[in-house]
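Asks: Sequence:
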Amino acid sequence: IERLGLDYEAVRKINPRLVYASISGYGEDGPWVKRPGQDLLAQARSGVMWLNGDEDQGPVPFGLAIGDMLAGAACAQGILAALVRRGITGQGSHIETSLLEALVDFQFEVLTTHLNDGRRLPRRSSFRSAHAYLSAPYGVYPAKDGYLAIAMTPIPKLADLLSLSELAPYRDKPASWFTARDDIKAIIAQRIATKTIDEWLDILEPADIWCAKVLTWPEMLASEGFHSLGMLQTVTREDDVSILTTSSPLRVDGIRAKADRAAPRIGEHSAAIRAEFGL
Numbered sequence: 133i134e135r136l137g138l139d140y141e142a143v144r145k146i147n148p149r150l151v152y153a154s155i156s157g158y159g160e161d162g163p164w165v166k167r168p169g170q171d172l173l174a175q176a177r178s179g180v181m182w183l184n185g186d187e188d189q190g191p192v193p194f195g196l197a198i199g200d201m202l203a204g205a206a207c208a209q210g211i212l213a214a215l216v217r218r219g220i221t222g223q224g225s226h227i228e229t230s231l232l233e234a235l236v237d238f239q240f241e242v243l244t245t246h247l248n249d250g251r252r253l254p255r256r257s258s259f260r261s262a263h264a265y266l267s268a269p270y271g272v273y274p275a276k277d278g279y280l281a282i283a284m285t286p287i288p289k290l291a292d293l294l295s296l297s298e299l300a301p302y303r304d305k306p307a308s309w310f311t312a313r314d315d316i317k318a319i320i321a322q323r324i325a326t327k328t329i330d331e332w333l334d335i336l337e338p339a340d341i342w343c344a345k346v347l348t349w350p351e352m353l354a355s356e357g358f359h360s361l362g363m364l365q366t367v368t369r370e371d372d373v374s375i376l377t378t379s380s381p382l383r384v385d386g387i388r389a390k391a392d393r394a395a396p397r398i399g400e401h402s403a404a405i406r407a408e409f410g411l
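Numbering (our numbering), first residue to last: 133 to 411.
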């Protein structure tokens with residue numbers, strides 16, 4: 133971008149009110165600057181892979197380009213803050229972030245724990261792990277016809293609802309809910325497997341247990357909970373191809389913004405931009 137004369141210092145001389153944003157792989161300094169700024173590689177360098185999967189699985193990447201998404205969201209927040217500041221001071225700003233910075237910030241809660249508890253490494257559960265720092269029963273359990281997610285719940289309450297006398301040794305020992313979480317979760321899993329999701333929801337939800345059926349995409353898309361949000365929209369490309377996709381996750385004054393035109397394809401506007409700026 134510097135070669136084209138469009139770097140921040142160059143454009144600021146033309147318009148000091150400009151809000152300019154940059155996203156890199158690993159920042160502007162340090163030994164990784166010239167390394168490929170690719171999502172999987174940024175995940176690898178961020179440590180985040182050690183929070184996914186079970187303890188014996190090794191590092192497990194996210195199934196999404198999460199670094200790209202988080203960096204874009206952080207950049208958008210920075211741009212909005214800079215626009216507010218410009219409205220007050222009249223001055224522009226250069227907003228900078230990177231895939232690595234966004235992924236580190238994403239881990240702020242667990243990384244802060246690590247930095248303040250003797251730098252012990254998080255240990256994932258070896259049985260259906262869902263969070264390295266949370267105790268049983270937190271996790272996902274197979275039922276007769278699908279999977280049931282159970283969040284934070286006192287073991288005595290869950291033991292009574294599931295009629296699990298096998299959990300008696302752990303009832304009055306809250307510390308064991310973490311130290312023995314694999315054993316506890318294995319006991320719970322055996323019982324959950326004996327009924328259908330709806331049967332368990334009929335028992336657990338009236339007792340205010342935080343739980344939910346694990347939905348597939350088709351199930352989620354067909355659900356009334358999803359339909360009530362109105363998050364789908366149809367956009368059209370320049371070549372008149374229509375695409376059904378998601379819309380903004382934000383509602384402003386009760387209204388969700390939607391668009392008719394699709395995002396441009398790679399290079400679709402390159403020639404026009406070069407012509408406009410004489411490049």
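If you're looking for bench data, these hints aren't it; they were derived computationally from the structure.
Note that beta-carbon positions come from the ideal geometry of N, C-alpha and C, so glycine has one too.
Please note: incorrect hints may appear among the correct ones.
To be verified - Label-pair restraints from in silico Cβ distances:
{"no.": "1", "residue 1": "Asp237", "residue 2": "His263", "range": "15 to 21 Å"}
{"no.": "2", "residue 1": "His359", "residue 2": "Leu247", "range": "41 to 47 Å"}
{"no.": "3", "residue 1": "Gln209", "residue 2": "Phe409", "range": "26 to 32 Å"}
{"no.": "4", "residue 1": "Glu337", "residue 2": "Ala142", "range": "58 to 64 Å"}
{"no.": "5", "residue 1": "Ala344", "residue 2": "Leu136", "range": "49 to 55 Å"}
Unchecked claim - Distance condition first, Cα-Cα at most 20 Å in a straight line; then the derived PhoX-like pairs of lysine-lysine:
{"no.": "6", "residue 1": "Lys305", "residue 2": "Lys276"}
{"no.": "7", "residue 1": "Lys345", "residue 2": "Lys276"}
{"no.": "8", "residue 1": "Lys305", "residue 2": "Lys327"}
{"no.": "9", "residue 1": "Lys145", "residue 2": "Lys166"}
{"no.": "10", "residue 1": "Lys327", "residue 2": "Lys276"}
Asks: Hints the structure violates: just list their numbers, smallest first.
Replies: The structure conflicts with hints 6, 8 and 9, although it agrees with all the remaining ones.
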